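Let chain A serve as the given structure and place chain B on it in line with the hints.
Number of protein chains: 2
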Amino acid sequence: MTIQQLFDIQHAILQAPMVGAGSTDLVAAVSNAGGLGATGAAPMKPEGLRAHIREIREKTDQPFNVNLFSPASEMYDQSVKLGTKAKALLEDYHRELGLAELPEPRALFGPAEAQLDVLIDEKVPVISFHFGVEADHVHKIHAAGLKVISSATTIDEALTLEALGVDAVIAQGAEAGGHRGTFLGDYRQALIGTLALVPQIVDAVKIPVIAAGGIMDARGIVACRSLGAAAVQMGTAFLGCPETRIPPLWLSELKRSTPSRTTVTSAMSGKPARGLRNRYISEMESLDEPLLPYSLQYSMSVPLRKKALEIGNADFPTMWSGQGIQLLREIPAGELVSQWVAESGQLSTELAGIAI
Amino acid sequence: MTIQQLFDIQHAILQAPMVGAGSTDLVAAVSNAGGLGATGAAPMKPEGLRAHIREIREKTDQPFNVNLFSPASEMYDQSVKLGTKAKALLEDYHRELGLAELPEPRALFGPAEAQLDVLIDEKVPVISFHFGVEADHVHKIHAAGLKVISSATTIDEALTLEALGVDAVIAQGAEAGGHRGTFLGDYRQALIGTLALVPQIVDAVKIPVIAAGGIMDARGIVACRSLGAAAVQMGTAFLGCPETRIPPLWLSELKRSTPSRTTVTSAMSGKPARGLRNRYISEMESLDEPLLPYSLQYSMSVPLRKKALEIGNADFPTMWSGQGIQLLREIPAGELVSQWVAESGQLSTELAGIAI
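Protein chains in written order, with our numbering: chain A, 1 to 356; chain B, 1 to 356.
Excised from the complex, chain A in its bound form (with noise of 0.2 angstroms):
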């Protein structure tokens, strides 16, 4: 079965979920351009999530992808207290910038349970999760009719995934941007390139295999499926879309800024994930003091990253990207669909013609 067919789509061109820069609107705009738009509704009450997806409705009438975080990732030790080097970095730069106190530690996303019940509630037809699945919340989307799928960073997780009965396994390359979707073993083994990755896993699993990592054009996308992958994932590739939304200034630094200033950090969030690196993610290194668990320790800088971002501080704003971070193109979503459509359609007929 292709992915068009599982996922009753047109183009097998999923968009990534990003919490803090996607929009109903881009949802829509994928969608209505055959491709899977996609939600990041971890941080989402549910109420206000059942909002946000009549939202969608009201602007699609086609397959959607909403994302949440597997409730093992919001599973952490209590105890565990804020570093006294941690507290006095965040305390300075509340200073500098004029903040009050620093916020209590708290979770930010979740509860994955009472989330996953107004998707099913509300029929949403892909239900996708980061940082692996419960095999009971596989079964309840199935048994509403509803299509599961998630990332695996390793050959391992892929199997895992597969065991649990995912429709499809996103095979995530080191190159993406945001988090690592890593829930086995260290990340830090779990950083396997997408064009290393995609046939391994192919190779290894039954379900189709959807590529993530980099890509960001029809040269990217014609690459996958040659390696393999029934479907390509793209995040970073959207951000330049108006639909999108991104703070200015995430945008802006995104353009001037190469693959090379990118860099996976747990500083931010208390989890690994890829973003431009900045002041506050390398003071937070180089405290060399154990981080709060995530999410808490992404918690510690909401009042940081609010304000920064209102004046225009590249400093301490969370600003995923991606290695793809060149290709960027200021573009509606759907244009952008509809063009990697074509250029790759042109792209596959070229490359029949090449002498190896």
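Bear in mind the hints are in silico, worked out from the structure with no lab data behind them.
Predicted, not measured: the structure shown is a model, and the values here were computed from it.
Be aware that one or more of the hints could be misleading.
Given that identical chains are not distinguished, each listed pair holds provided it fits within a single copy or across any two copies.
With a straight-line Cα cutoff of 25 angstroms, these simulated SDA-like cross-link-like pairs (lysine to any residue) come out [stated by the list, open to error]:
id : residue 1 : residue 2
1  : K81       : E285
2  : K45       : D121
3  : K87       : D167
4  : K206      : E343
5  : K59       : E122
6  : K81       : P71
7  : K85       : I281
8  : K255      : L184
Chain B alone, transformed into the frame defined by chain A:
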């Protein structure tokens, strides 16, 4: 101009030069099959190198590539001493394997000037440099009517190499096995996945781009051509060939490992390189002490690595490997090249028909 025209070869497949893994049989097998065979000559003394080249020429009349390390890579601070913790650890290892006293640190490679003179004298058709290239070497090689190529791990490095006048640039993605070619800045900012690196370098330079890193079969070859590469360079993909004659222990460890076991470490040689993690790497890294500069660090484990290979102990040897490890095939190199060419033709024809 195509790579085939540039190097006067039939197929746009380059074998990566691999110190410690190659052989004149491998070079000849690849070149005789229409690809560009290569030898890693950095450790060879001038007269040995001349004999080696003549041996290759007895086995093939086709073009081939000889690789040297840039002389800049051999410049180091002579005052840096072996750390006390490293010394104690190495002494423990020597006792464990019943070896004599530690060797004195020494440079293992070059001198590139004398090596290059031999290559030019012997009219080696393609000369490649790792760790950057010197402007006067490029001039010398071109004055002799020969070709010169070098590796870039970032867009900046590719632009630098182009400005220096190389005939083609190898875009070495983070998946690649062996030494990172990084010569500008911190290697950790130059671990860019092949899928993201290749199209960005293709867009940045006017010279042909050769993709390297994680390419193991026709899927990887066609993928890289789709990304805009004029050719591919494959190293790990040849490690299972009988002509390669790597130590049996290295091969058996490769066959039982996943990409997660590969790591980029400076602990082995003093410069970052990707290989299979073993006890030596883990314990040397955990000392948290400055290493000797390249290649002095490498020289300290020469007796240890030799002995370990003899007795089949995988704790100590160098076992470079890229991340495509599970796609290794154990067939003769010439057959491998012919299969890749045939399969690439078939795959690119199939791709022309797929619906994106």
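What are the numbers of the hints the structure violates, in ascending order? 3
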